[in-house]
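Student: Here the protein sequences line up with chains A and B, keeping their order. Following this note's numbering, the numbering of the first sequence begins with 22 at its first residue and continues without gaps. Following this note's numbering, the numbering of the second sequence begins with 22 at its first residue and continues without gaps.
Please keep in mind that the hints were generated in silico from the structure rather than gathered at the bench. Incorrect hints may appear among the rest.
Same chains, same label: a pair holds when it works inside one copy or across any pair of copies.
No farther apart than 30 Å at their CA atoms in a straight line, the calculated lysine-lysine pairs in the DSS-like style are these [unchecked claim]: (1) K932 <-> K919; (2) K294 <-> K423; (3) K70 <-> K294; (4) K591 <-> K572; (5) K294 <-> K398.
Since this is a predicted model, take the numbers as computed values, not measurements.
Protein chains: 2
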Amino acid sequence: MLNVHLVPHTHDDVGWLKTVDQYYYGGRNNIQHAGVQFILDSVVDQLQKNPARRFIYVETAFFIRWWSQQDAGTQKIVTELVNEGRLEFINGGWCMSDEATTHYSAVIDQMTLGLRFLNDTFGECGRPRVAWHIDPFGHAREHASMFAQMGYDGFFFGRLDYQDKRRRMNEKDMEMIWRASESLAPPSADLFTGVLPNGYNPPDGFCWDQSCSDAPIQDDPSLEDYNVDTIVTNFLKVANDQATIYRTNHIIMTMGSDFQYENANLWYKNLDKLIRYVNAKQSQGSKVNVLYSTPSCYLQELHRANLTWSVKTDDFFPYADDAHDFWTGYFTSRPALKRYERISNSLLQVCNQLEVLGGPSSKKGPHGDGDSETLRKAMAVAQHHDAVSGTEKQHVADDYAKRLATGCAHCQVLVSNALSKLSGSGAPRVYCENLNISVCPLTESSHKFSVTVYNPLSRSISWAVRLPVNGSRYSVTDPSGRLVDSQVIPVSQSTQDIRRDRGYARNELLFQAQAPPLGFRTYSVSLLPNRPLRASPQHGTPLYLQNKFLKVTFDPETGLLSSLTNMETKQTMQLKQNFYWYNASLGNRESSQPSGAYIFRPNSSTPVPVSLTAKTQTVQNSVVQEVWQQFGPWVSQVVRLYQDSRELELEWTVGPVPVKDGHGKEVITRLETSINSSGLFYTDSNGREVLERRRDFRPTWDLKQTEPIAGNYYPINSRMYIKDKEQQLTVVTDRSQGGSSILDGSLEIMLHRRLLVDDYRGVGEALSEPGEYGEGLVVRGRLLLALTPPAAAADTHRPLAESLVLQPLISLQDGDLHPNTLLEFSGLQAALPPAVHLLTLSQWDRDSMLLRLEHQFQAKESQSHSQPVTVNLQKLFSTLDVVGVSEMSLAANQWKDKMTRMEWKGNTGEKPLRQESADPSPWEVTLKPMEIRTFLLRVLQR
Amino acid sequence: MLNVHLVPHTHDDVGWLKTVDQYYYGGRNNIQHAGVQFILDSVVDQLQKNPARRFIYVETAFFIRWWSQQDAGTQKIVTELVNEGRLEFINGGWCMSDEATTHYSAVIDQMTLGLRFLNDTFGECGRPRVAWHIDPFGHAREHASMFAQMGYDGFFFGRLDYQDKRRRMNEKDMEMIWRASESLAPPSADLFTGVLPNGYNPPDGFCWDQSCSDAPIQDDPSLEDYNVDTIVTNFLKVANDQATIYRTNHIIMTMGSDFQYENANLWYKNLDKLIRYVNAKQSQGSKVNVLYSTPSCYLQELHRANLTWSVKTDDFFPYADDAHDFWTGYFTSRPALKRYERISNSLLQVCNQLEVLGGPSSKKGPHGDGDSETLRKAMAVAQHHDAVSGTEKQHVADDYAKRLATGCAHCQVLVSNALSKLSGSGAPRVYCENLNISVCPLTESSHKFSVTVYNPLSRSISWAVRLPVNGSRYSVTDPSGRLVDSQVIPVSQSTQDIRRDRGYARNELLFQAQAPPLGFRTYSVSLLPNRPLRASPQHGTPLYLQNKFLKVTFDPETGLLSSLTNMETKQTMQLKQNFYWYNASLGNRESSQPSGAYIFRPNSSTPVPVSLTAKTQTVQNSVVQEVWQQFGPWVSQVVRLYQDSRELELEWTVGPVPVKDGHGKEVITRLETSINSSGLFYTDSNGREVLERRRDFRPTWDLKQTEPIAGNYYPINSRMYIKDKEQQLTVVTDRSQGGSSILDGSLEIMLHRRLLVDDYRGVGEALSEPGEYGEGLVVRGRLLLALTPPAAAADTHRPLAESLVLQPLISLQDGDLHPNTLLEFSGLQAALPPAVHLLTLSQWDRDSMLLRLEHQFQAKESQSHSQPVTVNLQKLFSTLDVVGVSEMSLAANQWKDKMTRMEWKGNTGEKPLRQESADPSPWEVTLKPMEIRTFLLRVLQR
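Isolated chain A (complex conformation):
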């Protein structure tokens, strides 16, 4: 008997063409008919009508909105439906996250937020067993790894490369084991993974939603158009056809799609009939049995089949749904939103930490009511696969940004309260969010102010502070009153051009600040009598910039970079760097596919240089050395070397991208080096483990390359590198971007995109961000370059990326501080070992907090750090006593020791062993490479 599992489901985007709240309420239905409140109303009604009916629900962001509006009676009914398995939560995060452009820390947070609600509300019966990413456009290995560590039994998705799918269909390889980590010992990062047969849609002809037009089952013989026989015959054919590409006598059909089930009766009434009439054929010898089911029921049957499955170790990027339709544009789409999301994450972590460290008065203190929840939810929403991905409509992108801004404002109040508590100073605090364009009203006008640098990392940092000012000379003193070397340089013309009337600072004050682990340090700044600027920029290109770690040379003819030298290892690499744009296809004879929010399709493989030369200016002083390169009216760059840096900073500014010439532009920077990279390059997955990429190649099928550029683009979340035996050039990015290595020795990163037409994937708008002035968005960002021997590269790029992801929070206070103010504080007793990253520290409930410690090195990646490392939890905090420790699953929705997952047999022959804990004691926890451990700590404030 062939068992057909019908899975009624809805796919509810947490924002896309409409905002999340418009989707929830069903507002602006002129854009898209969709109202989640009605979906849940309707499904709950319909589930009650027939106990056989099933439904799965995925997006907790929506469910919680609905739940909070229900009366106790409805909540009770829903709880019963959940307890009986008729309503089942699947995936269960706040949203269904994007996989290409999200950072693992934010993904873990959003999953934790959603799953916690389910856990708190429904207990064990509400815990999703299956991960379900039916819509994201490509699948990251790190996501699979996280899902495994969160305890999911399996994972289903809908989209994969069309060539890959074809092969898998031919070879009955639609379901597999995904071994999602090279560091973690199997099966801890193994995830059973299934490709759904039909995306996430029903088979053709069987869509009975209000948004569909397939014929309903018309079973009254006294009326016209009776069609039971036709429908049953068609269904049997579809089912039998589908069975030929799967391995067991169970198959799954997704009966639903985007925002479906708003009127669930249409679906269920017809599905009831389908099941009745198809199964009735069994008495005439039919071997097909149809049933209402869920992905977890289906998975259980697959598990019961006790087969051996293939093992996959690479990922599902890039995603193409046809020969010229590579979904590699969104890796970069909306670069400003992508950066804002990343900054917001950093602030959220600061906020979380200070909520713990500052105690109860953080949320209700001298600065008012603050909270971390608003930003936590905004960040969770922003992880959606049409949010940080950049594939939403403009007004929706604006809504995401607004939510983040509101969340940041709430967090700022909390942070101010906490810092007030910790420092003893209740004076107002100001946060300047536009420092990147040299805007900060306080520092622009104040004669005396203090600068507090809060460092969310578990080790000390040194951070270059740059503040817009109008004076030309300041004294900067550290907590002990010692003068700190500071410099004032003029604000560049490029920055003045883009900030316009948002600020009036003529100069920038620069100094290098230090901050202790999980703590702050406060610097005092006083205006000194004016005198002419010591270091006004010199026109022309210097031969080189150099500090004790790096030397970078320039080509005096072109003003471009020409080489990079690591002074410690004495390695020199030729390095040419320039900006180019790919001419975005508008579709051509080969394919009508244009470039758009999702799709990257250049109409030529040769990008156009923005300029062959750069006009340059140079600033050099005791804090920083900079070459200001101007490539034309809409591209500029600062090549920057701080006095103590081991990395070279490239601060690029792109925009407004001109498109009046009729050419959509996809702007890249390309670095051409003397590294012998042999077609290989490396990109990270969601900011953690790194995957090897090979040009024009896929590890699991024989690629027919049809787009030599777009088909070689991969997502970068934190880093990309090329290497040969001696040298590795690593580029650390400040946001998610797309990148590739099109030529040996080269490495390119797409920075910005502005396009003229929609790419036919539903968003219905050309990606052409207007920016604040309507002329096109200007984007500024940073690339950090490190040249090292390959074996030492991780020792540099791991902490470097970490410090860019969790950057210090700078707050400002005007005037003198009270003498009793505490100017330096660390929440830790001591810095954690270099391999350990404090991923999460946040309040859980009144007496407990959530702690995640992470080993941030891969196995074998670092000679010094790729080793197990032990942390004593009781000796961690300076102000908190840890009185209880319970280890949790990664998403903190079950006790680690209760987490049992289905075991699956891979075809590799090896037999993975469950590893015993290596912890020396309950308080001393050992982290192995790439391991994240999650603890619920009961704590007492000291």
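Given chain A, work out where chain B should sit, using these hints.
Tutor: Below, chain B without anything else, positioned relative to chain A:
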């Protein structure tokens, strides 16, 4: 306090863009999203969630489909909802009938069918109190009269002339008393009538159906787009504005529209909130109270207001929704369907009668299982305002025709069984439905056959039988064996051209048959040895045709009619008749409105003659005299005068209308006479009472005429006339058509229309019927002309129209009949008086039958017949004993003596008195002019 009655409703077309069954099931949603099964599912669910919620349902054709598929539990719930007034039936006929193109007998039947189901199923609580014609495109006075006689307390509609509405709004005259008969004593045909404020839609901004995009009420302040205040403010404004055009402190809002409430939750959830938030404003001084309501609750409040209302005596035709948008095209659209509907009605009445007369074996007899129900339902469906109106899509028109054909086939079996029972002959019977194009396989090939003529009228008739044959000489004998005068003439070239290969008859056999009241007569026909035809047609135009009653002359130059003489009254009238076409507008600078299925808009007021002359042939013999006029390849006519006729028959044939010249054509025939009509003409209302029309004039407002042709068109259902003091020319039609008198002394009737574009009223197709061969539909029909003194006209046109509406049914049997066969039968003991029309005789249940007797003359219209007339019910039937009589309301859903209606005060000052029965005895019933009396008779077969 202003009370706002929110009326949740759905308007469910019984076929339009989709067929009735497609609408019911929600099939072909690609054409239009609509599924009535889900509407009723959803509404019943939602009504249960809040006892304050109300819903009205209108179309029993849909409700019965749904009801029959529900289980007992649901039926019980629905019954409770009905009993509690939460679900209320309104109107309650099988459909919401068209008012311009329907015949009163079919409307009464369809109302009876729908209301009977409600009565049988729900009893008194299911009886609609309000008539509700929110969508029909113009309103017939006869409909109002019927509704009054059916016991409705009031009537609401949505569409009326935009100038009329403007005046009524300005003068607060939106609600009125409609005095709907000039013959019936008030208030028996008085109907309280209200114009709805907004068609039948919700006010702008308050449509919360899934098909709408208005913002839902977003009342969670923690989410974006909170809009309660805006919505409440807007609603208060809308309500207060609306109150200024109505007279009481109660106003009605129709909260629904076409096929809405498929997901009733969307509506009710928002309406619940609207009511809550608007009424909450009362505590802040708001004087607006919103409530769920129904039309009958609203009507009750109007009644309670005890005001004096204006009295209207004309009708609401024609309907224009803008200056160039006259909905007068559909009076003629789809002329073949309009005729087929009329023929089917005739067959249904025959079928009903024979079901009674033939007894139980009619439904199960030697010819198989037959029934009247199928045709009754098909006819009821065909009365819908997008059915016989001709305003549906082609595939839907085909479905209506198919239903009628199926119903006719079922009736033919019943009729065969009944005739078999009554005649004693079980030999097979054949019905030839294509006699109008001389097609009948049996008579074409048989040497010997019999012809049975069943007459459904309550008086004897003489009927010209025309049968296609291939012999040239036949003997025809009547039941007593007497030879009947018969003639054989050749089939005209015109008929051969249009019948193509559907038949091969060379000739037609003609004889005049007689048939007794409610009975049949059988004639025997035998082929005689062939000899050359006596009367082959002569080329050329005769000077005149003449019998003892009429003389008609021709213009020998043109071949056209030139005069008509009534030989009895010695009246002669000049009469020129020709065919023309109006050039259908495609829209112009003045207005983009084109002619279409609904709209008639000629682009010039001068129609184009099809030809100035006709080629003619003449046939004259002892049975008939005919002039065959050919006006070109697509228009021909037979001018026909039977030996004993008082009317002149014009059998027109139009089509395929050529449109390759880019001109849509609206084909008329225009009769120009010497009558001094002074701008006046007369058209009937639904085949009963006649209304006076005046060119470029409306009785109740100061018309600004903007379309001199289309704005003067009126529906004709049975007759139209012009007159002066001496002469009246009456034209009796065989179907509903549009007509006018554009010039004094002229009268024109639109026969056929073929158009090139859609007219933007939703049907989305150009009205261009393809016909069986795809070249364009050919239509043939008849106009019967009578010239009389005005005072005697009704004596002619009433019986003439009656005999065309209920025409004899001809059945054929091959070969010899058994000698014992009864060849003549009458169901009546005697013919009824000339004023009495037997409107309905049909089986009601096993032992009872429904009888409707009608006085078919208007008051004062006939010197001889406009008098009360009494009929003795016990002496009516020849084979049935009447053992019980109960009088019913017109639609037979309540006892007449229990029928109480609200009384309304008109502003005419008079005080209508309830009239006492004038019946001499319970068995002897008196009919006053235009009165219809409905009886349930208990009968025994003798």
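Student: All the hints need checking, so say for each whether the structure fits it.
Tutor: Here's how the hints hold up against the structure:
1. K932 <-> K919: Classified as within; 22 Å inside a copy, 88 Å across copies.
2. K294 <-> K423: This pair counts as between: shortest inter-copy Cα distance 28 Å, intra-copy 46 Å.
3. K70 <-> K294: Answer is both; intra-copy 14 Å and inter-copy 26 Å each pass.
4. K591 <-> K572: within (10 Å within a copy, 125 Å between copies)
5. K294 <-> K398: Answer is between; shortest inter-copy Cα gap is 27 Å, intra-copy 41 Å.
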